[in-house]
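S.K.: Required output: the full structure, derived from the provided sequences and hints.
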Amino acid sequence: MSPAFTRRRTAAAVLTAALLVPLAACSSGDDTKKDTAGSTPSGSASASTAPQANLTVLAAASLTDVFKTAGAAYEKAHPGTKVTFSFAGSQELVAQVSQGSPADVLVTADTKSMDKVKADTSTPAIIAKNRLVIATGEGNPFKVDDLKDLADTKLKVVLAAPEVPAGKYSKQILDKQGITVKPVSQEPNVRAVLSKVELGEADAGLVYKTDAASAADKVDAVEIPDAQNAIAQYPAATLKDSKNAEAATAFVTWLSSPEGQKILQDAGFQKP
1 MSPAFTRRRT
11 AAAVLTAALL
21 VPLAACSSGD
31 DTKKDTAGST
41 PSGSASASTA
51 PQANLTVLAA
61 ASLTDVFKTA
71 GAAYEKAHPG
81 TKVTFSFAGS
91 QELVAQVSQG
101 SPADVLVTAD
111 TKSMDKVKAD
121 TSTPAIIAKN
131 RLVIATGEGN
141 PFKVDDLKDL
151 ADTKLKVVLA
161 APEVPAGKYS
171 KQILDKQGIT
181 VKPVSQEPNV
191 RAVLSKVELG
201 EADAGLVYKT
211 DAASAADKVD
221 AVEIPDAQNA
231 IAQYPAATLK
241 DSKNAEAATA
251 FVTWLSSPEG
261 QKILQDAGFQ
271 KP
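Just so we're aligned: 172 in this note's numbering is position 172 of the sequence shown, and the numbers increase by one with no gaps anywhere.
Hints may be right or wrong, so weigh each one.
Capping the alpha-carbon separation at 30 Å, the derived lysine-lysine pairs in BS3-like fashion look like this [what the hints assert, rightly or not]:
#	residue 1	residue 2
1	LYS148	LYS112
2	LYS116	LYS148
3	LYS218	LYS240
4	LYS218	LYS143
5	LYS129	LYS243
6	LYS68	LYS218
7	LYS129	LYS176
Label-pair distances were calculated between CB atoms; the ranges are [to be verified]:
#	residue 1	residue 2	range
8	SER256	SER101	22 to 30 Å
9	ALA119	LYS154	41 to 49 Å
10	SER101	ALA72	22 to 30 Å
Hints were generated in silico from the structure; no laboratory data involved. Note that beta-carbon positions come from the ideal geometry of N, C-alpha and C, so glycine has one too.
M.R.: Structure follows, in structure tokens:
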């Protein structure tokens, strides 16, 4: 073998080795990128592994419309969580909790009702406030102008029962003004009062401002001056027996968040 041939073979080997080094480096980098892109980083959770919960929320009847809106918004923002509401007078909800009915969250229309089951709940948070108005038929056919008009015995007036928060607030403001009203019926929740007025079965009734607003095409709302009115407070709390404690706490916290508060206030509720 000639010296020239040997020199050519050696040069070719060196060139081949030089070309293979960057190719190997590129291959190693591509494999690393592929492994990184094809795996989920440690400690993160994909949407498919996000915890799911079916929440049952016991809520005051006056929250019916706004909580349906809030529930839909919450479910959209928290995929995998479903919120089911049970609406009734606060006194009925408290009875359900005392009897051990399975639920995750309780929201009442007054603090006294919530206090009755404080051994069964977390520390409540006030999420909204409300006030009373006089609901009349559309167009206010009987020309009801203020609370004193409700004392007219020719007027069919309905009130919430005394044990219902709306009934307690109604008694409070009527007693404060020294007005005696003889209702034709006392209803189990404020929505039943509104329904009576909507259907023409009553000429007037005391309801929350938000209730009257929800039926603005069927009833008129006569404002009651602040000095004569009462402020309703809505406390929300998780139930200690909830099997979805973390999700329940998250929902209650969300009600006080900017998004939750916007929904409540757009419906006419006042800031807590």
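S.K.: Each of the hints needs a verdict: does it hold here or not?
M.R.: Hints and how they fare:
1. For the proposed pair LYS148 and LYS112, the alpha carbon gap of about 28 Å is at most 30 Å, so the pair holds.
2. Our distance criterion of 30 Å between C-alpha atoms is broken by LYS116 and LYS148, whose separation comes to about 33 Å.
3. A distance of roughly 41 Å separates the Cα atoms of LYS218 and LYS240; the hinted pair therefore is violated under the 30 Å criterion.
4. A threshold of 30 Å between alpha carbons decides the hint, and for LYS218 with LYS143 the separation of about 16 Å falls inside it, so the pair holds.
5. As the CA atoms of LYS129 and LYS243 are separated by approximately 29 Å, the hinted pair is consistent with the 30 Å bound.
6. A C-alpha spacing of about 21 Å is found between LYS68 and LYS218, which places the hinted pair at or below 30 Å, so the restraint holds.
7. Our distance criterion of 30 Å between C-alpha atoms is met by LYS129 and LYS176, whose separation comes to about 20 Å.
8. Between SER256 and SER101 the C-beta distance comes to about 25 Å, which sits within the given range of 22 to 30 Å.
9. ALA119 and LYS154 have their C-beta atoms about 48 Å apart, which keeps the hinted 41 to 49 Å range intact.
10. Distance hint check for SER101 and ALA72: the Cβ-Cβ separation is about 24 Å, which falls inside the suggested range of 22 to 30 Å.
Checked against the numbered hints listed earlier, the structure breaks hints 2 and 3; every other hint is satisfied.
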